[in-house]
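**Student:** Those letters in the sequence shown? Residues 1 to 155, per the working numbering, in order.
It is worth saying that the hints were derived from the structure and are not from the lab. Since the model is a prediction, treat every value here as computed from it, not as a measurement. Do not rely on the hints blindly, as some may be mistaken.
Claimed, not checked - Within a straight-line C-alpha distance of at most 30 Å, the following computed DSS-like cross-link-like pairs (lysine-lysine) qualify:
| # | residue 1 | residue 2 |
| --- | --- | --- |
| 1 | LYS6 | LYS74 |
| 2 | LYS20 | LYS32 |
| 3 | LYS124 | LYS32 |
| 4 | LYS116 | LYS6 |
| 5 | LYS20 | LYS116 |
| 6 | LYS24 | LYS116 |
| 7 | LYS20 | LYS74 |
| 8 | LYS124 | LYS20 |
| 9 | LYS74 | LYS32 |
| 10 | LYS74 | LYS124 |
| 11 | LYS6 | LYS32 |
| 12 | LYS6 | LYS20 |
| 13 | LYS116 | LYS74 |
| 14 | LYS124 | LYS24 |
| 15 | LYS32 | LYS116 |
| 16 | LYS124 | LYS6 |
| 17 | LYS24 | LYS6 |
Unchecked claim - Label pairs and their computed distance ranges (CB to CB):
| # | residue 1 | residue 2 | range |
| --- | --- | --- | --- |
| 18 | TYR48 | GLU91 | 28 to 38 Å |
| 19 | PRO76 | ASP111 | 32 to 42 Å |
| 20 | ALA113 | ALA40 | 28 to 38 Å |
| 21 | GLU28 | ARG108 | 30 to 40 Å |
| 22 | ILE16 | ASP111 | 30 to 40 Å |
Note that beta-carbon positions come from the ideal geometry of N, C-alpha and C, so glycine has one too.
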Amino acid sequence: MDTATKCTVLIVDDNIMSMKLLAKFVVEARHKVVTALSGAEALMLLRYIRPDLILLKVGLLEMDGFEVVRCLRKMPGLALTPVLFICRSVEEFDRCVLVTESADVITRPYDPAIVKLQLLQYLKHRVVPHVAEAVDCVEELVVTKAAPPGLEGAA
């Protein structure tokens, strides 16, 4: 993936160790990382950047993740930005599901494979078209190679 295809992920977490670990996963997936230690800092950054995905801790101290999202949804050009909530407990997870009506969360402790899969799921539609076309070609090639001789077109 070249520079033109990289996505930007904003990580908002007041726990520096947690933030560094998530940043490591994002960088390993070859995307760019921007970080904020608070909701207020994230909202200030969002005046200048347009991330492709936001990883947002629910339990931020001065402004929780839900309040950050309420502000984000009112900002021009950011209303549809996907947000994955970072939850550290079952209670936070349950609250996320109730408030957001989805299970779009990353739970701690982090499972690197699951976090990377979630990143792929959210960012796969945000890469430039020639990369998406290349992925389609590879998938088509795999399907063709997997079919027994004489049954390539049969479905």
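**Student:** If a hint holds in the structure, say so; if it doesn't, say that too.
**Tutor:** So, going through the hints one by one against the coordinates:
Distance hint between LYS6 and LYS74 is fulfilled; the C-alpha atoms sit about 26 Å from each other, no more than 30 Å. This hinted pair checks out: LYS20 and LYS32 have alpha carbons roughly 13 Å apart, not beyond 30 Å. The suggested pairing of LYS124 with LYS32 holds, with an alpha-carbon distance near 14 Å, which does not exceed 30 Å. Of the pairs offered as hints, the one joining LYS116 and LYS6 holds, with about 15 Å between alpha carbons and a cut-off of 30 Å not exceeded.
For the suggested pair LYS20 and LYS116, the alpha carbons sit about 15 Å apart, so the restraint of at most 30 Å is met. Of the supplied pair hints, the one linking LYS24 and LYS116 holds, its CA atoms being roughly 10 Å apart against a limit of 30 Å. For the given pair, LYS20 sits about 29 Å from LYS74 by alpha-carbon distance, which is consistent with the 30 Å threshold. Note on LYS124 and LYS20: the hinted pairing holds, with a Cα-Cα distance of about 23 Å set against a maximum of 30 Å.
The hinted pair formed by LYS74 and LYS32 meets the criterion: a straight-line CA distance of about 25 Å does not exceed 30 Å. As the CA atoms of LYS74 and LYS124 are separated by approximately 25 Å, the hinted pair is consistent with the 30 Å bound. With a C-alpha separation of about 7 Å, the suggested pairing of LYS6 with LYS32 holds against the 30 Å cut-off. Between LYS6 and LYS20, the direct Cα distance comes to roughly 19 Å. Compliance with the 30 Å bound is thereby established for this hinted pair.
Restraint check for LYS116 and LYS74: the C-alpha separation of about 29 Å stays at or below 30 Å, so the hint holds. Note on LYS124 and LYS24: the hinted pairing holds, with a Cα-Cα distance of about 19 Å set against a maximum of 30 Å. For the hint pairing LYS32 with LYS116, the CA-to-CA distance comes to about 14 Å; that is within 30 Å, so the pair holds. Distance hint between LYS124 and LYS6 is fulfilled; the C-alpha atoms sit about 10 Å from each other, no more than 30 Å.
The hinted pair formed by LYS24 and LYS6 meets the criterion: a straight-line CA distance of about 15 Å does not exceed 30 Å. The hint said 28 to 38 Å for the Cβ distance between TYR48 and GLU91, and at roughly 34 Å that hint holds. Range check, PRO76 to ASP111: Cβ separation about 36 Å, and the 32 to 42 Å hint holds. Taking the beta carbon of each, ALA113 and ALA40 are about 33 Å apart, inside 28 to 38 Å as hinted.
At about 18 Å, the CB distance of GLU28 to ARG108 disagrees with the hint of 30 to 40 Å. Between ILE16 and ASP111, the C-beta spacing of about 20 Å breaks the proposed range 30 to 40 Å.
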